[in-house]
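Can you build the whole structure from these sequences, using the hints too?
Residue-level listing of the chains:
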Amino acid sequence: MKDNFRQSMKWFHTWVGLIVGWILFFMFLTGTLGYFYQEITRWMEPERPFIEHNITNEQLLDTAQAYLNKHAQGIDGWDIYLPNVRDQNLRVGWRHPAEPGKKRGQYKIKVLDIDSGDKVASRATGGGRLLYRMHYRLHYLSTDISYWIVGFCSMLMLLAVITGVVIHKKIFSDFFTFRAKKGLPGWLDIHNVLSVIALPFHFMITYSGLLFFLFTYMALSTYLQTNDDEYREMRKEIYPRTAHLEKANQPAEMLDVSVLYQQTKTAWQDDDLSYVEMYATNDINAQVLFVRHETDITYNPADEVMINAVTGEVIAQQAKEYTGAGMIHNGFFSLHEGQFSGPLARWIYFFTGLIGTAMIASGLILWTTKRKPQQMKKSNGPDFGYRLVEQLNIGTIVGLPIAIAMYFYANRLLPLDMAERAAWEAHVMFISWAILLIYPAFRPGAKAWSEQLTLAALVYLALPLVNALTTDKHLGNSLPQQDWNFAGFDLTFLVVGGCFAFAAYKVKVLQASKRSSKQSGKQRVRQSKPPVLAASESLLSLQQVNKEKC
Amino acid sequence: MSYLFTKFNLASPRWPVFSRILAATFGGYALATASSLFISQLLLNVVGKYQAIHIGLMLTFIVYACAAMWVFSVESASKAWMGLIKLTIFFTITTWLLMQFTGANS
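Line by line, the protein sequences are chains A and B. If you count the first sequence from 1, you need to add 242 to reach the working numbering. If you count the second sequence from 1, you need to add 74 to reach the working numbering.
Just so you know, not all the hints are guaranteed correct.
To give a feel for the contact side, a few chain A residues facing chain B, derived at Cβ under 7 Å [said to hold, decoys possible]:
1) Phe-247
2) Ser-250
3) Phe-254
4) Leu-400
5) Leu-401
6) Ile-404
7) Val-407
8) Leu-456
9) Met-460
10) Ser-463
11) Met-476
12) Glu-479
13) Thr-565
14) Ala-567
15) Met-569
Taking lysine to aspartate or glutamate and the EDC-like style, the derived pairs with C-alpha atoms no more than 16 Å apart in a straight line are [stated by the list, open to error]:
16) Lys-123/B <-> Glu-475/A
17) Lys-123/B <-> Asp-321/A
18) Lys-123/B <-> Glu-479/A
19) Lys-123/B <-> Asp-471/A
20) Lys-507/A <-> Glu-472/A
21) Lys-350/A <-> Asp-321/A
22) Lys-507/A <-> Asp-471/A
23) Lys-352/A <-> Glu-294/A
24) Lys-352/A <-> Glu-519/A
25) Lys-350/A <-> Glu-287/A
26) Lys-312/A <-> Asp-360/A
27) Lys-352/A <-> Asp-329/A
28) Lys-123/B <-> Asp-470/A
Note that these hints are calculated values from the structure, not bench results. Note that beta-carbon positions come from the ideal geometry of N, C-alpha and C, so glycine has one too.
In structure tokens:
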């Protein structure tokens, strides 16, 4: 009975993973890139200067306030983002009034030159934000539809994680038989290793992903238990916000933010300002909220100081009170987004995300390698379903990384004055992906793998070159300047390209050895085919894993 | 593919599998919703209304997952449907009984 349960779970795991595997791969890869979204945005706006910050926070606040006073009059809320480890530029932001028929206006961020106090004109780009938003806000689909698709996929991912754990015991015993028979670790081993080493992450990221849209997905239950007012109350309890006053429509002179900041500095005993929010600006009710850098996932009330911007009095804030469940809920959000992490933790998040991506990829490839020996025996070729899966695998696992590279190419190569430029960056990405998805249909599986891997290698290795030809932020400048944002990008591109090149080379070698073993003895072919295939695939898989890690 | 169906006793025609998919998707959702109502009634006087609802909601994904797994592990699709329906009715009735007890009017 128990074994029966495990058997059915194995079946369930296979199919649950397969049907949404490609969307999950897309979600995991774009989501993983999201851990570096600020850095990506900076890379995609190469006009921004690289600055050493030896300028005091007070001076920066003055510069920002002067710009906002000049260019954002009449807007109720202003934000100032101080330079930090991730982004050395001073930025200001505000939300435009909502256009008729829309819930919220557009949020605009401007990068300021700290010397002149003017806006840095940079090319129109979607940046890292557009790229990472794709992982839950599937680019071309409407908000509602993408949330439901993402929810469905996440739910199946959760099922795949749980069933994976359930069947793991059985897999564990298979582990050794597998190895003994083939002499080399197969896709199954790789899939297991990738799943096990980051299991807590896989569970956390999936479950917290579902929690983001808890009230959308479980709308029926919420609807049955609360009316509109109660629902609002409940959300307030779960996501407590710092209260602030609205405009009283009585214009008043605001004090300098840099002067107000002095009190905050005294309260904090440090100068670790992250950003400033201003409400009801240039009004009698004007308030300024100073927020300190977040360093861990817990909520620390002392991190925020609110000051009346007209009188300069500190407004005592009621500390946000979290319920037990609310703490768990928000804790999961923090873990999912990793906003608190420093450079090291950010890289760990990034690699763990790639492990998740590689786990999905290995699972998808496992599906085909398991069925390959049987499918190849069929007189009129493999089934349509098998071919479709293989094609989608090639088009997604290698095709999507190429498409993402094309997004970066578009950023550098599209004409700067092009209309809808930012939108076209994304169009280029999706058009490339579509081509790469269709292309494998016209090529034999092994050929398509090796061709697309070669293309991926070329595309990534050439990116630093294109960057050098189109901007002055190339390795020759970024390394001596220690501009790690740009140097890190170029170096990462080279490493990723190198890994793809290595994978492409290995695939070619393995295909050659397969052909020669076929010729060496026709008698043996039938029997030796599956192990040879499995062995070659597993070697390829090792390269794949290396590649994914890069 | 077909050998999997017979091997795991899921019967050869595809209809039972289709029926199970429906059971897991919609039956599972109904059961998860019913379970959230039950949990929130159960905790109502312990942690307050909003937190009780919240806890019930947060657990729905786990209930949903377990239900879906169970649907695909029992011998037949009809058994899966019956199990889901019975459990959903059980949760609904106990929720109703608890409501009489706690005097809530939600």
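Each hint, compared with the structure:
1. Phe-247: holds, 5 Å
2. Ser-250: Hint holds; Ser-250/A Cβ to chain B Cβ min 5 Å, cut 7 Å.
3. Phe-254: This interface hint holds because 5 Å falls under the 7 Å limit.
4. Leu-400: holds, 5 Å
5. Leu-401: holds, 5 Å
6. Ile-404: holds, 6 Å
7. Val-407: violated, 11 Å
8. Leu-456: holds, 6 Å
9. Met-460: holds, 5 Å
10. Ser-463: holds, 4 Å
11. Met-476: Holds, because the Cβ-Cβ distance from Met-476/A to chain B comes to roughly 4 Å (cut-off 7 Å).
12. Glu-479: The hint holds - Glu-479/A has a Cβ within 7 Å of chain B, the shortest such distance being about 5 Å.
13. Thr-565: holds, 5 Å
14. Ala-567: It holds, given that the least Cβ distance between Ala-567/A and chain B is near 5 Å, below 7 Å.
15. Met-569: Where the cut-off is 7 Å and the nearest Cβ of chain B is about 11 Å from Met-569/A, the hint is violated.
16. Lys-123/B <-> Glu-475/A: holds, 11 Å
17. Lys-123/B <-> Asp-321/A: violated, 36 Å
18. Lys-123/B <-> Glu-479/A: holds, 11 Å
19. Lys-123/B <-> Asp-471/A: With Cα atoms ~13 Å apart, Lys-123/B and Asp-471/A stay inside 16 Å; holds.
20. Lys-507/A <-> Glu-472/A: Distance of about 39 Å is beyond 16 Å: violated.
21. Lys-350/A <-> Asp-321/A: holds, 10 Å
22. Lys-507/A <-> Asp-471/A: Violated, because 39 Å separates the two Cα atoms, which is more than 16 Å.
23. Lys-352/A <-> Glu-294/A: With Cα atoms ~19 Å apart, Lys-352/A and Glu-294/A exceed 16 Å; violated.
24. Lys-352/A <-> Glu-519/A: Distance ~15 Å between Lys-352/A and Glu-519/A Cα, so the pair holds.
25. Lys-350/A <-> Glu-287/A: holds, 15 Å
26. Lys-312/A <-> Asp-360/A: holds, 10 Å
27. Lys-352/A <-> Asp-329/A: holds, 13 Å
28. Lys-123/B <-> Asp-470/A: holds, 15 Å
When the structure is compared with the earlier hints, violations turn up for hints 7, 15, 17, 20, 22 and 23 and for no others.
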